[in-house]
Amino acid sequence: MRLGRSLYLVVTLIVTYCMFTATLAVGQNSGTGEGWCYAGNINVVPVCSVFVAVGVIFLGWSWLRLAGAVTSIAMLIKNEKPNSAGRNKGFFPYLKKAKIDELCKAVNEQVNNSTARNAEYEKQIKDFQIQVQLSQKREKNAEAIIYSIRDAVIVVDEYDRLFMANEAAGRLFKFDFQKLQHRPIAEFIGADQSEFANFLSHSRKSKSQATRREIEFIENGDRKTFDCIVSCVYDQNRQVCGVVAVLHDVTREKQIQQMKNDFVSHVSHELKTPLASITAYSEMLVDGEANDEKTRKEFYSVIQNQARRLSRLIEDILNTSRIESGLIKVNKEVVSLTVLIEDQLQMIKGYAEEKNIEIIGQKPIVFDQVYVDRDMMSQVIINLLSNAVKYTPSGGTVRILTEVDEASSSAKVIVTDTGVGIPEDEIEHVFDKFYRVGANKKQAEGTGLGLNLVKQMVETVHGGRVFVKSKVGEGSTFGFELPLAKRQSASIV
Amino acid sequence: MTDKKVLIVDDEIHIVHVVAIKLRNNGYEVISADNGAEAYDLAVKERPNIIVTDFQMPVMTGMQLVEKLRQNEETKDIPVIMLTARSFAISKEEQESLQISGCLSKPFSPKELLGNIEDILYEKELVTDN
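The listed protein sequences derive, respectively, from chains C and G. Position 151, counted from 1, in the first sequence is what my numbering calls 151; the numbers after and before it change by one each time, with no gaps. Position 113, counted from 1, in the second sequence is what my numbering calls 1113; the numbers after and before it change by one each time, with no gaps.
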């Protein structure tokens, strides 16, 4: 800056000197008139030179003032106090201090305001970026939630076009969401699923908050029932802008419900049958319809037998229910099958003798220990033995034996009779709950639960298996197989 | 006393027995069967005045028996009373379409059954006379 001022001073002096010299020269040569232009009596060139020189001096002076002011402002902005002593030195003084301070103050205010505004804008930008990130994260989370739901979820817009769907929905309706997004659902929902499409459309038009319906679909050839809940989606103006449908597969629940209903219905039927006999016979006795002592005794006997049947039935139903629900208490111990069979043979002996049926047991074998619940296994054996005796005509034979297979480490108990046998088409149902072989119903009374209990106790509780083979008129073979107890832990009980 | 013939159909022998005693004590002739198929043959052969049948039976159910009876000109007008151990087993519509005269739930009273039989036969007699 100082160099600029010095240069300016030198140039000004040179220009002033030149002008002065030129003016003198013009004065001397005014009589010749060579080299100069005249306008009347006035010589134009020296006058113009004076004006140009004054202009150059003024511009230079202004430039220096401006430069000085800018320098001062710059120094003030940089918080460097200009040297007040130095400021007034030199050819051109700087701006007056008050003005400069005022200007600086205004500039500083502007700068401060700008800085504050910038900080505010930066903060807003950061907030906005955070909001965007949060929003993206929320959207991704929502998508992840919808995709992870096992139920089928479909979202359609106000024109019934596919907006969003998860994998389960894609599997159910056999479509690829990525390819069909924003396409009308009627285009890819099959004709057999039109009930669903209509339900969606109807729910949207009705503007109801949520509607529910059970809809059946065919999936891989199987009929499946879905509990379909459709909810309208509203925009800020409370206008329906789409619908969300959630389809929950309730096929299994329906099957279980049906099984429960069937079970209750069976139980009701089975309980009412002996109860009907008890009610009818007791009413006949009360009304004096049994005319003689023999008839009365017969009636009492029927009532007694039917009451026992009812009691057995209730016990069997409770046992079945306990096993199925897993509530039955199981006390497993190492037991010899031979010992168990001997105990049950003693119990069935009287009944077999009454029916004139021979029961053949077997000699004890070396190792037939199994790890079982003694009471349950006793019931399994007695059920098989009593069934065999029940359906074997007088003079027949019931044989029970145990077979041990060391190689597979298992033991089989086999009960064979010379009874009426079971028709081939009914064999597969004999272990079903409440199933009784039609042709043999007259032969003996039963609850239809005995063999089912055998199956449940052997297979569900002990992990074994039951088996049967039979021929009508020749007899039947029922049995079960269980794993042998480990030798080191086994001790004969 | 009456000369009316009643066919009782049930696979529960005790029910057949007790109903038969009740009806015989009240002057009815009783014939019986333990399934629907046997009952149908007996109905065609014996032409009972009324049939009392169980709902659930092996071989042929009570409903199947009634359907078959209604298809035969000779047996289509025989009144039928259904005994059932299942609640709501037969709807009103089914009862009307198969012309089932009455339904009794097990356990039932033999006295009530006798009353129903008498009412139905009396009604049928009135219709025939007119």
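Worth double-checking, as some hints may not be accurate.
[Stated by the list, open to error] For the chain G half of the interface with chain C, some residues (derived, Cβ under 8 Å), not all of them:
#1 H1014
#2 I1015
#3 V1018
#4 I1021
#5 Q1056
#6 K1068
#7 Q1071
#8 A1085
#9 R1086
#10 P1107
#11 F1108
#12 S1109
#13 K1111
#14 G1115
#15 E1118
It is worth saying that the hints were derived from the structure and are not from the lab. Every residue gets a Cβ at the ideal spot worked out from N, C-alpha and C, and that includes glycine.
Exercise. Holds or violated: is there a CB of chain C closer than 8 Å to the CB of H1014/G?
Worked result: holds, 4 Å
Exercise. Any CB of chain C closer than 8 Å to the CB of F1108/G?
Worked result: holds, 6 Å
Exercise. Does the nearest C-beta of chain C fall within a distance shorter than 8 Å of the C-beta of Q1056/G?
Worked result: holds, 6 Å
Exercise. Do the numbers back the hint for K1068/G, that is, is its least Cβ distance to chain C under 8 Å?
Worked result: violated, 18 Å
Exercise. Per the CB criterion, is E1118/G less than 8 Å away from chain C?
Worked result: For E1118/G, the interface hint is violated, since the closest Cβ of chain C sits about 16 Å away, which is over 8 Å.
Exercise. Holds or violated: is the Cβ of I1021/G closer than 8 Å to a Cβ in chain C?
Worked result: holds, 6 Å
For this session: Report holds or violated for the interface hint on S1109/G, using the least CB-CB distance to chain C and a cut-off of 8 Å.
Result: holds, 6 Å
Exercise. Given V1018/G was flagged as interface, is its beta-carbon under 8 Å from a beta-carbon of chain C?
Worked result: holds, 4 Å
Exercise. Is the hint on A1085/G kept, meaning its closest Cβ partner in chain C is under 8 Å away?
Worked result: holds, 4 Å
Exercise. Any CB of chain C closer than 8 Å to the CB of Q1071/G?
Worked result: With Cβ-Cβ at 24 Å, over 8 Å, it is violated.
For this session: Answer holds if the nearest beta-carbon of chain C is closer than 8 Å to that of G1115/G; otherwise answer violated.
Result: violated, 13 Å
For this session: Go through the hint on I1015/G and say holds or violated, using the shortest Cβ distance to chain C against 8 Å.
Result: holds, 6 Å
Hints 6, 7, 14, 15 from the list above are not met by this structure, while the remaining hints are.
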